[in-house]
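In order, the protein sequences belong to chains A and B.
Be aware that the first sequence starts at 1, since it is given in the numbering used here, and climbs by one per residue.
Be aware that the second sequence starts at 389, since it is given in the numbering used here, and climbs by one per residue.
Because the hints were derived from the structure by calculation, they are not lab data.
Please read these numbers as outputs of a predicted model, since none were measured by experiment.
C-beta atoms are modelled at their ideal positions from N, C-alpha and C, and glycine is treated no differently.
Treat each hint with caution, since some may be false.
[To be verified] Distance windows between CB atoms, simulated: (1) B:Gly493 <-> A:Gly276: 46 to 54 Å; (2) B:Gly493 <-> A:Lys309: 36 to 44 Å; (3) A:Ile361 <-> B:Gly490: 37 to 45 Å; (4) A:Thr190 <-> B:Gly511: 48 to 56 Å; (5) B:Ser456 <-> A:Phe195: 37 to 45 Å; (6) B:Gly511 <-> A:Leu64: 21 to 29 Å; (7) B:Cys515 <-> A:Asp259: 50 to 58 Å; (8) B:Lys534 <-> A:Thr187: 42 to 50 Å; (9) B:Pro473 <-> A:Pro72: 43 to 51 Å.
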Amino acid sequence: MKIAKQAAVVGIGSTPYYRRGESHPQTFNEMICKAVIAATEDAGLSIKDIDGFSYYSSGTDTPLLMESLGIPEVRYSSMVTSGGGGSVGAVQNAAMAIATGAANVVVVPFCMQQPMGKRYGSIMSQIDPTPDKAFFMAGGLVGPGHFFAMLAKRHMHQYGTRREAFCEVAISTRENAITRPQARFRTPLTKEEYFAGPMIADPLCRYDFCLENDIAGALILTSAERAKDLKQRPAYVLNGEQGGRREWGRAIAWMNMPDEYFASAGYASIAEHLYGDAGITAADVDVALLYDHFSPMVVMQLEDFGFCKRGEGGAFVEDGNIRFKGGSIPVNPHGGNLSEAYAVGITHMMEAVEQIRGTAINQVKDAEIALVTGGPASLPISGLLLSR
Amino acid sequence: MSEIEIAKAPPDELFQLETDTWTEPYWNGCKDHILKLPKCGDCQHYVELGASHCRHCLSQNIEWVEHSGKGKVYSFTIVRFPVIPSLQGSVPYVPAVIELEGVDGLRLISNVIDTPLSDIDVGSEVCVHWHDRNDGVSLPRFKLIKP
Ligand SMILES: [Zn+2]
Numbered sequence: 001m002k003i004a005k006q007a008a009v010v011g012i013g014s015t016p017y018y019r020r021g022e023s024h025p026q027t028f029n030e031m032i033c034k035a036v037i038a039a040t041e042d043a044g045l046s047i048k049d050i051d052g053f054s055y056y057s058s059g060t061d062t063p064l065l066m067e068s069l070g071i072p073e074v075r076y077s078s079m080v081t082s083g084g085g086g087s088v089g090a091v092q093n094a095a096m097a098i099a100t101g102a103a104n105v106v107v108v109p110f111c112m113q114q115p116m117g118k119r120y121g122s123i124m125s126q127i128d129p130t131p132d133k134a135f136f137m138a139g140g141l142v143g144p145g146h147f148f149a150m151l152a153k154r155h156m157h158q159y160g161t162r163r164e165a166f167c168e169v170a171i172s173t174r175e176n177a178i179t180r181p182q183a184r185f186r187t188p189l190t191k192e193e194y195f196a197g198p199m200i201a202d203p204l205c206r207y208d209f210c211l212e213n214d215i216a217g218a219l220i221l222t223s224a225e226r227a228k229d230l231k232q233r234p235a236y237v238l239n240g241e242q243g244g245r246r247e248w249g250r251a252i253a254w255m256n257m258p259d260e261y262f263a264s265a266g267y268a269s270i271a272e273h274l275y276g277d278a279g280i281t282a283a284d285v286d287v288a289l290l291y292d293h294f295s296p297m298v299v300m301q302l303e304d305f306g307f308c309k310r311g312e313g314g315a316f317v318e319d320g321n322i323r324f325k326g327g328s329i330p331v332n333p334h335g336g337n338l339s340e341a342y343a344v345g346i347t348h349m350m351e352a353v354e355q356i357r358g359t360a361i362n363q364v365k366d367a368e369i370a371l372v373t374g375g376p377a378s379l380p381i382s383g384l385l386l387s388r
Numbered sequence: 389m390s391e392i393e394i395a396k397a398p399p400d401e402l403f404q405l406e407t408d409t410w411t412e413p414y415w416n417g418c419k420d421h422i423l424k425l426p427k428c429g430d431c432q433h434y435v436e437l438g439a440s441h442c443r444h445c446l447s448q449n450i451e452w453v454e455h456s457g458k459g460k461v462y463s464f465t466i467v468r469f470p471v472i473p474s475l476q477g478s479v480p481y482v483p484a485v486i487e488l489e490g491v492d493g494l495r496l497i498s499n500v501i502d503t504p505l506s507d508i509d510v511g512s513e514v515c516v517h518w519h520d521r522n523d524g525v526s527l528p529r530f531k532l533i534k535p
């Protein structure tokens, strides 16, 4: 993408963070409306200024939102295909729409709300049978953890990665959540507790799994020029990239990735384009908001995004490099999906904006460039750079 | 002393089989206890299960070739926690990615069964065993080949 700093995130907003299923009787669209209203207020814009919608992971119905919010005209409405992998691709799409003049003020809304009595962790068992799903359903792969466990196991085999590394991801992320009032888990996690945690899908124990929450969040973007006169310090879209290589492809849903891709997060090509077009390297990134649905995938993303060499992610993490305090690249200072809340990427995006504004609760000093990633998953996957 | 844990298998009720033009020959082979893999009749590359074209030459001349069912565990997990109630009696079971002998670019997702958990590792040699369900569907599963 070659539209550096032509658009900026100027507003963020969310509902309270609910435990899974506890946001009812509010409806899905009601939750989104609340987040969008909060984001426009944060930006100092009127809700009627919105003329674009950019979605990911199924999105929602644009005219429904227009009706509830009194938005007079829409000039852009699009969605990144697939699921959480494309999350930050929606911000890229919004920036592109603004840079091309397709729309002036674009909102990226997302809501995760679990039906009462159903859990995301077993989502594969709730979807209708199809010919392609037969190949993994036959093996009893019913929750996302079952798939990612096999990537983690392979990484351990190929590179000698230890569970201690996954433990450090969980512990450091929890450490960050402690100071966050809305975080679901706010008590320190010890190494002893981690290793005493029940094994769910070897090598993943309870503490390697993300939370399940009901949250709606929204980002508002507009042009760099207009952003200057608004309430908040703009978080400019330095670059965005969505897609990925065929070798990664359907990823966990087919497990046919060649060796060098299998034990990874699939992000190597995304990182290359993301940094390359922005003219930066990993060394320029001040804070990384890495999609942490499963702790080993943080280790693999660190390798893909060049914070350490391929295969050295385990040692890199164990050496304390991702700590908020004293780490060479602070990862998820908001407590991530593992300890703060999980809502398919929107919480990472909001934290990146606060880091760039300089208003985060766990503020990385003088953060100028933030990296945000979508979930390692079936393509498209996505990466985003926000900057001052 | 801890007792030896044996790899079980996921329950039959977990999934209903749906097939289409490009996967039906595979499942028909399973019914006959023959592992049939899709291969391009023109350029001889193996083709992804379910693909309508050979990605190397775009041919649709897909042939179903018989495989011995021998391979290696490429990666695996031990599922110990029943995420849904129907898994209650089935844990621990071992989903595994199987790399089949002589096959490049086409791995199977299956289960390693009837094996002490501590014997299963990446690289373990396995061979196919057939599981016949009551609804007429047969599934390839794998057991360790003892040295
Ligand atoms: Zn061919």
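Comparing the hints with the structure gives:
no.	hint	result
1	B:Gly493 <-> A:Gly276: 46 to 54 Å	violated (29 Å)
2	B:Gly493 <-> A:Lys309: 36 to 44 Å	violated (27 Å)
3	A:Ile361 <-> B:Gly490: 37 to 45 Å	violated (56 Å)
4	A:Thr190 <-> B:Gly511: 48 to 56 Å	violated (34 Å)
5	B:Ser456 <-> A:Phe195: 37 to 45 Å	holds (41 Å)
6	B:Gly511 <-> A:Leu64: 21 to 29 Å	violated (53 Å)
7	B:Cys515 <-> A:Asp259: 50 to 58 Å	violated (23 Å)
8	B:Lys534 <-> A:Thr187: 42 to 50 Å	holds (47 Å)
9	B:Pro473 <-> A:Pro72: 43 to 51 Å	holds (49 Å)
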